[in-house]
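K.L.:
Sequence:
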Amino acid sequence: MNKITRRQALSATAGALSVLGLAGATAHAAVTGSRTAAPADPAGTVDEVYQGRRIRIVPASGGGHEHGGHHGGHQSPGLPTVLIDGRELHVMQNADGSWISVVNHYETFSGPLPLARAAVRELQGAVLVPMGGM
Numbered sequence: 262m263n264k265i266t267r268r269q270a271l272s273a274t275a276g277a278l279s280v281l282g283l284a285g286a287t288a289h290a291a292v293t294g295s296r297t298a299a300p301a302d303p304a305g306t307v308d309e310v311y312q313g314r315r316i317r318i319v320p321a322s323g324g325g326h327e328h329g330g331h332h333g334g335h336q337s338p339g340l341p342t343v344l345i346d347g348r349e350l351h352v353m354q355n356a357d358g359s360w361i362s363v364v365n366h367y368e369t370f371s372g373p374l375p376l377a378r379a380a381v382r383e384l385q386g387a388v389l390v391p392m393g394g395m
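If you count the sequence shown from 1, you need to add 261 to reach the numbering used here.
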């Protein structure tokens, strides 16, 4: 007679649970599109693809006309420009250092990159519409 011992049963159960846990974590990472951020260049620019959308963050410039700094009253001077698929996401920094955007203004974030990722998730594929019309 070939009986399974308690030790063999516990080993098989632990192995099966480990495989299930690893598979669940991998599936969650695939669904949320989590990946490490693209390294920022020396000037602080971030350029990454998150859940199929291109996020670009350009630090505020000293009043230049590239994508950084002030844009017709929509962006305060000194704040970075956050672009999702080339369209500007209006962001604000609170007095406590947290960040909010027009897409999710009831939730605060630690910086522009987590804020942009949350906006991508919230948009669920919708196109970002510019503030103040076209």
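Be aware that a few hints might be false.
Distance windows between CB atoms, simulated [claimed, not checked]:
#	residue 1	residue 2	range
1	310	367	33 to 43 Å
2	279	347	36 to 46 Å
3	306	366	44 to 54 Å
4	375	278	37 to 47 Å
5	371	338	14 to 24 Å
6	391	310	49 to 59 Å
7	382	269	38 to 48 Å
8	390	275	16 to 26 Å
9	265	369	13 to 23 Å
10	359	268	23 to 33 Å
11	375	274	22 to 32 Å
Hints are computed from structural coordinates only; laboratory data are not their basis.
For each residue, glycine too, the CB sits at the ideal point set by N, CA and C.
K.L.:
Going back to the hint list, which numbers does this structure go against?
P.N.:
Hints 1, 3, 4, 6, 8, 9, 10 and 11 not satisfied by this model.
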